[in-house]
Amino acid sequence: MKNDGDQKPGRALPRRDLILLPLISLLTVILLLGSAEIGTRTIWPEEKADSCLAKHGELGYRATPNCVSHTKAAEGPWVENHYNECGLLSPNSCRSPIKGSLRIAAVGSSIGFTYLVPWSQSWQGLTAARLARLCGRPVDYQNYAGLYNLNESAMRAPEAAATHPQAAVMFLDTTDLFQDPPADFDLNPAAHQDHITPLPGHLPGLAGLIDNLQFNRLKAASRAALIGEHFAFKSGRTYLDLYLRNGDKADFLRPPFTPAWRRRLAVLDKDLGFMADQLRAQNVPLLVIYVPQQAQAELISGLSGEGTDPYAINKAIGDIVRNHGATFLDTSPQFRQVRDVPSYFYPVDGHLNDRGNVMLADMVEQGLIGGGKPLVAGCRQASRALPRSSSGR
Amino acid sequence: MDVPSIQFLGFAAAGAVAYNLSGAKWWRMAVLLVCNLAFLASFTHQAGAFIPYAGFVLLGYGFVFAIQNGAPKQLRVVAILAMLGLFFWLKKYSFLPSVTYLTFPYMAVGLSYVFFRVLHLIIDAHDSETIGRVGPFSYLNYTLNFTSIVSGPIQRYEDYERMTGDEPALLDLVAVGVALERIVAGLFKVMVVSHLLSMAQHALLARVLGPETMLEHIRDGALLIALYPIYLFFNFSGYVDFVIGVARFFRIQLPENFDRPFSSASFIEYWSRWHMTLSNWLKTYVYNPLLMVLMRRVRSKAVGPYLAAFALFVTFFLIGAWHGRTAEFLFFGVLNGAGVGLNQAYRTFMSARMGRKPFAALGRNRVYQALCRGLTFSWLAFTLLWFWSDWGQLGQIARALGPLGMAGAGLVVFATATVVLEAMVSGRKALLSLGSADAPLLTSRYLRTAWATALVVFVLAFQVVMDSPAPDIVYKAF
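Here the protein sequences line up with chains A and B, keeping their order. Taking our numbering, the leading residue of the first sequence gets 1, the next gets one more, and so forth. Taking our numbering, the leading residue of the second sequence gets 1001, the next gets one more, and so forth.
Please keep in mind that the hints were generated in silico from the structure rather than gathered at the bench. Ideal Cβ positions, reconstructed from N, Cα and C, are used throughout, including at glycine.
One-sided and incomplete, this derived list gives chain A residues near chain B with beta-carbon spacing under 8 Å:
| # | residue |
| --- | --- |
| 1 | Leu20 |
| 2 | Leu21 |
| 3 | Ile24 |
| 4 | Thr28 |
| 5 | Lys219 |
| 6 | Ala225 |
| 7 | Glu229 |
| 8 | Ser235 |
| 9 | Arg237 |
| 10 | Asp241 |
| 11 | Arg339 |
Chain A side only, calculated, beta carbon under 8 Å to chain B, not exhaustive:
| # | residue |
| --- | --- |
| 12 | Leu13 |
| 13 | Ser25 |
| 14 | Val29 |
| 15 | Leu32 |
| 16 | Leu33 |
| 17 | Gly228 |
| 18 | Ala232 |
| 19 | Thr238 |
| 20 | Leu242 |
| 21 | Arg245 |
| 22 | Leu303 |
Using the sequences plus the hints, can you model the full thing?
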């Protein structure tokens, strides 16, 4: 290839360059995008679709009984999911509990489901071992949580209550609220048809092709984009600055709440009321643990954000939870003075990782057997004491 | 409308197509005027907000017109003082009583750069041989040229007039390719590199102000100090690359504003490579006249050789002070002036002591050059602390680092800059030596096409990943 050091305007291009230069451009694009995508997919594999789960219309996801699947966030390790004979994510049988065991039901959305975290490193795995030691009996977790919106979570409460657990644990974060499930939704499961529907991004035929060609889908499907974001978000400051540029999504950090966020709190009020009523009918106490979103945790850790109040939404949620007679614990204060907030999360995915789950396990332990009037009686309290949340019980 | 931005690019593309539809001068001037006014209108939709700006521009034309039509010589001085006063007032310089400020919101985007152009015309209006008759449309298009109004570069009127008149810059396929390459390079520098550096600087500031070990403090303190000049370079030179590329589609060749400033081995050299059009403007209209006045007035043989140092101090103090209206910018000006002044005094002193030839030989010594480069960068980074920060924040940083941390960070900046900049200069030489001497491999149009395409991919990918606007052009605020 001949060099062209003399690029003075006025010099004519050889004819072949009219073909060659665009071709070089095209090849460069293909090479860069292709190598970035192949490289990142090789180094950071991802499998978020759980092969045991199927979407049952408005009822949400249900797992095939006695099924084992493998999932992985690009940002995390491989996870083996074991579903028991009831299709619940649990190493224990749902129908024949171990005699004298302490049964706890997990309800709610993906954090309670221990999504993308190996069971042994999840809050369930960690507390199962610890509570068994402190309570002197085996712990039997039955997981009614899932990849649900608030309405779908609420609809599983009657099933959870029917298994007569000693307590129910639910995690809540602002993503659960932001999903915007309809407010006028009928929470009676019988009101909804049980039929399997295609997963998002899996529509059949031409509709599926068009659906998958949407820019947001392509971006979400790009591993290179995900990994780029992952490394950018490792900086708490960067993550916070970018997050605060969101409008509606970040408005929960900027009180007073917008009508959209007030509507979301109203949906929570309705759904949580339904869940608490269902569980109370079976004398099952409900522990609700609030988990801050990563940007919120960054603010709590001490980073500044103009016009923000990282505790406003916690207080509003805490009031709703207590109004329904449930116990409220707030994880937020645990992030005070934490220097490396991103290390508790999968920064792009947004879920808590194994380190974050250690924090959750501490909260669950405190919520179930800590304090003057523990929800689960007959257990020793661990010697280490966690700081009480500002909006705790 | 942000510059650079995709929106601006679309706007300029539409303007350029219209501009090139006809070669008639009246057509091109009309299209350019519409573009200039439309661009200004994109900043506010309130007509009243334009009144002070319009007054400033029109008064400037009034002076130019009067001078070119035989007004007495003294009018030039009155005009300069009037425009200076008006500029300070509209920019709300803090030495003016705040009660005199206009209380309604008004447009001030690019006012500094309009000011430099207007002042240049007022000072040179009498020199009709060089700049010719300045017509009202040419004046408006020159002072409000949308491609360079926000932050320069400052083009001389005669160059502008030539290119919009009889000698438009050539716009063939090669020129289009080169212009697109500049636009892409500019977008990459601003939207990717300066964005990343800005984020890194924010993160470093948070880390320095937080609890760290002494070694971490020294490392992060050094990075915090050193990163800003690099960020500023990519931010500002990226903008300049972008507007030079865009202006080329209007057949205007804007002057270069940067020439590898970090390769400078002295602070004086640095200012001849950084924001070159502003330095040249000040050298022409402040340094040269001031030095001539001083040389006429001061006859002392002992002081004489140091007059240039004093004139440089004043000139570059003004550059610093021009940037802003606060005590921090004044101090930045003092440090800038001290940098070039002491540099000149050192040259004068060493030439006298060692002799011109031995001192020149020392200047060619590679180790000496590398150390000077490191010192120049370190001094620049130090002065810029008053550019990006304020006294309160600097106090916080100083308290967090402590005397040992500050000294350590300063030494690390100097040592690292010396090594890295030497490697950069040598590396560039080595890369340019690849291929034949008259056509180095790096300048191959095939390689440049691939590189520019890669930059486009990086810019787009970065925008997709970050999903947020690039940081503003720092110089837009001045």
